[in-house]
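Spelled out, the chains give:
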Amino acid sequence: MSARLALETSAARLVGRLSRATGRGGGTTLPGKLVWKLDPTALDALAARLPAGVALVSATNGKTTTTAMASAILAPSRRLAWNRSGANLASGVTSTLLAARDAELGLLEVDEFALPEVMRRTRPAAVCLGNLFRDQLDRYGELEHVAERWRDAVLQLPEATLIVGADDPLVASLAEGRAGVVRFGVDDPAQARPGLQHASDSKYCVRCGAPYGYDAVYVGHLGAYRCAACGHRRPALDVAAREIESHGLDGVSFSLETSEGVARVRLGLPGLYNVYNALAAASLALALGAGLDDVVGGLERFRAAFGRFERFAAGDRGVLLLLVKNPAGANEAIRTLEEGAVGGTVVVALNDRIADGRDVSWIWDVDFEPLLERAERIVVSGERAAELALRFAYGGFPRERLEIVPELETALDRGLALTDPGAELAVLPTYTAMLALQAIAARRGLTRPYWEGAS
Amino acid sequence: MILRVGHLYPEYLNIYADRGNIAVLERRAAARGHTLALEPVTVGTPLEPGAHDLLYVGGGQDREQAMIASDLAARHEPLRAAVDAGAALLAVCGGYQLLGRGYRGRDGSWMEGVGLFPHETVAGETRMIGDVLLESSLAEAPGRTIAGFENHAGRTLLDPGAEALGSVVAGYGNDGASGFEGCRVGRVLGTYLHGPLLPRNPWLADLLLSWAIAHATGEEPRALAPLDDALEDEAHAVAASRARARGGRPA
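Line by line, the protein sequences give chains Y and P. Sequential numbering from 1 applies to the first sequence in my numbering. Sequential numbering from 1001 applies to the second sequence in my numbering.
What the hints contain is simulated information worked out from the structure, not anything from laboratory work. Warning: the hint list may mix true and false statements.
[Said to hold, decoys possible] Here are the computed lysine to aspartate or glutamate pairs in the DMTMM-like style, where the Cα-Cα straight-line distance is at most 20 Å:
(1) Lys-203(Y) <-> Glu-260(Y)
(2) Lys-203(Y) <-> Asp-1062(P)
(3) Lys-203(Y) <-> Asp-1071(P)
(4) Lys-203(Y) <-> Asp-367(Y)
(5) Lys-325(Y) <-> Glu-117(Y)
(6) Lys-33(Y) <-> Asp-111(Y)
(7) Lys-203(Y) <-> Glu-148(Y)
(8) Lys-325(Y) <-> Glu-260(Y)
(9) Lys-203(Y) <-> Glu-1011(P)
Since the structure is predicted, the reported quantities are computational estimates derived from the model, not experimental observations.
Could you build the full structure based on these sequences and the hints that come with them?
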């Protein structure tokens, strides 16, 4: 380590300790922010000192869960530098590498927009790109622009192993004509949805622009697509999930088919979107040299990543917390509630800070209607609670069964009061609302704070 | 009464929650005893003048917009005939740009528009993104506020004497310089504001519906019976305060 990097590193660690000591959160990004500001090339040096190199994970949806699953697979055999708190900008990545002094392998989820620079600086051995959905257009810009930036970044790293979601036409196209690619996807027509969701993206052929036809749609626009005009179609799968079986909120099972063999996996998380996350994590871990037994063991041990899917007890009632942040992800959260038969009373919380997206129009692209049909009462909360109330009212939900409670803790208590003893309250928060609810739950002793590690 | 609504290219132009605008029109019409008959008008389907009381054109991502731009521009005559006969029209964001004379790309390229609005749009170097608050210029509702969100790289330049939708209280507006936003020609409204536009500005939805009803009956527009808009007013107030606090600041 250079003298300068050593100095920056110790200064930054001190900041992290101070941040935790003063109770201002986990201290997870402050050290990195400092170093990143002082000297961005520190990230290059921090990545270069990892003997097994760096693996990066990005996607619109599922990157935190995918990375956490990969960690569950790899951690028993490698010392990881893993940004478990989800601090996924260049500064957060820098923080993680600073803190993990004797790590062998960097396992890092990276924000879609930050990915090109993090790739350029960390020179990853493997990059896992899952999916691209419309998300926070005010911050990320349009899908095509994100994909073009990724395309350029991938071209700059011809030697890296590329793991791509084959079921997403735009993401799969990033790997076309390249060696050293692993393509993963779902292959189980029994799980297909009746059609594309309202706000589907990437509906038009990446090669010729004609609309894709689908043999099966699984999540959003992910599925087995083909273009009748030019023949462009989903590529052959190297890693596939077949024979999928849902167990409601308790999980989902599937056959994991890989070049190393076939294994039955039972995940402790529900939903087809988590099967995608598991496929991405399995593909990445296999590419990094893990064995199939390690993959199955890691996936089956895994419990939810921070805030994505949490169940905890609040007295004699349960709380199910599901993060929502964009239309495709929210649609899957609503399906999870349906499959789990939860949702008599629902709290939905919408904030509009930078991490949530300042433009709240995305809530109108969510297919909330199945929730509106089942819910008896909806408590809307967060800084833009009134906007949510309008979404539900114009979606056909009776205004007299809507309650506007902007303050989150009051909304949680109101939701619990409306929930029968023994029943489960569904809470759907956006990112910063989720953080606030986590803090409330932690203060009441319902969950542990994330920097102490997930259970 | 049945109000016939033509939704242009719904599968291409739907990026900024355009279906929210349609849902608001639908429910507010229903609250007054009217039914919207929604018809998609898209590539390969004809647009018959007189077939619609209200037309809606939303926004799309660049790729989708480019895919339908020439098809839309070729509909210049039936669109002109429809609005000349008094059909109402709302165009948002990309739709607002495409209904002008055209769009000048950063590489100097020219994309021909429909020519309903007296404006041209020029691609800018930066996007203008943020909450917006307008004060209406419409003679039907002078001084009423309109709250929304804008996200556009194009600078839309109105011809001298053209009527704007409103003056900018907070945010960038058409071009980040003129202090005006949107455009109005008769019963045709165009704007960059999404969020979507109509849920938190329901009086605009009612104005468009009154025009559509006037087209359907052949009578003069009449104001609609008021509804309980407490939720709408609350959402409007929050959105307006956002624009005041953090809307774009024109250079």
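Determine which of the earlier numbered hints do not hold for this structure and return their numbers in increasing order. 1, 5, 8
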